[in-house]
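Peer 1: Sequence:
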Amino acid sequence: MTDLSADLVQTKRKLRERLRFRRRHFTANLDGVARLAAFRALPAPLSDLLADHAVVGAYVAWGDEPDILPMFAGLGEIGALALPHHGARVDTMDFRIWRQADPLEKGPWGTQQPSGDALTAIPDIIFCPLVGFDRRGGRIGQGGGHYDRYFAAHPDALRIGIGWSVQEIDATPRESTDIALDAILTEQEFILCGDRL
Numbered sequence: 083m084t085d086l087s088a089d090l091v092q093t094k095r096k097l098r099e100r101l102r103f104r105r106r107h108f109t110a111n112l113d114g115v116a117r118l119a120a121f122r123a124l125p126a127p128l129s130d131l132l133a134d135h136a137v138v139g140a141y142v143a144w145g146d147e148p149d150i151l152p153m154f155a156g157l158g159e160i161g162a163l164a165l166p167h168h169g170a171r172v173d174t175m176d177f178r179i180w181r182q183a184d185p186l187e188k189g190p191w192g193t194q195q196p197s198g199d200a201l202t203a204i205p206d207i208i209f210c211p212l213v214g215f216d217r218r219g220g221r222i223g224q225g226g227g228h229y230d231r232y233f234a235a236h237p238d239a240l241r242i243g244i245g246w247s248v249q250e251i252d253a254t255p256r257e258s259t260d261i262a263l264d265a266i267l268t269e270q271e272f273i274l275c276g277d278r279l
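Under our numbering, the first residue of the sequence shown carries the number 83, and numbering increases by one thereafter.
The hints are simulated quantities; they were obtained by calculation from the structure and are not laboratory data. Wrong hints could be hidden among the right ones.
The calculated label-pair distances, taken between Cβ atoms and stated as ranges, are [unchecked claim]:
| hint | residue 1 | residue 2 | range |
| --- | --- | --- | --- |
| 1 | Lys188 | Asp277 | 19 to 29 Å |
| 2 | Asp134 | Arg95 | 22 to 32 Å |
| 3 | Arg181 | Ala88 | 23 to 33 Å |
| 4 | Ser129 | Arg181 | 14 to 24 Å |
| 5 | Thr259 | Ala110 | 13 to 23 Å |
| 6 | Ala88 | Leu118 | 14 to 24 Å |
| 7 | Arg218 | Leu186 | 26 to 36 Å |
| 8 | Ala123 | Ser258 | 31 to 41 Å |
C-beta atoms are modelled at their ideal positions from N, C-alpha and C, and glycine is treated no differently.
Whole structure, please, built from the sequences with the hints as guidance.
Peer 2: This is the structure we're talking about:
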C-alpha cells in the first residue's frame, strides 16, 4: 500500500466515524412522526422507474440506517425484491429473492439477510445504504467494499444510495475502486447524479 492510499484509507476511516456520529445524533433527535413518514412511500420518479425493472435490490436496515423495506411493500405485484446475502466468505455478497412473509436469518456483523436457500438474483436496480454521499454520486459505505465489488461485477444495474440528509458532504474522497451512484434518496429529496437516469 502506498503512502497516498494509506492516507486515503485513514481519511475515509475518520470521515466514517464523523458521519456515523452525525447520523446517530440525527436519528436520535428525529421526531417520531417524521421518522415513521421517512422512506415509507416511493417518490413518483422512482415508482415509474421500478415499473421498468424486474428485480429490485434493497437492504435490511442496520442500526440507524433508513428502513426502506416499507417502500417496496407492493413490489410483488410488478417485480421481485432481493436483499444482500453474505455466505461463508463474508467478503463476497450476492442478492437473494425475499418476500415479506419469508424469515430472515442472522448475517455477519449483526445484520439480517435472506436464507442461504433463497434464490439468487441479479437486481436491475440496487438501493444501497450510505454512511456519506456527495451530489456527484460519490458514496462512503461501511468500508468493506461489498457494494463497490458488486457494482463493478454488474455495471448495468442502476445504483441508488439511501441516506439521511445530514450525511451529505461536499466531496467524498474516492479510490479507483469506488463506483459512483446514479441517484440518492434522502428523507428530503431525490438527487440525480450522472446521466444514466
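Peer 1: Could you work out which earlier hints the structure fails to respect and list their numbers in ascending sequence?
Peer 2: 1, 2, 3, 5 and 6
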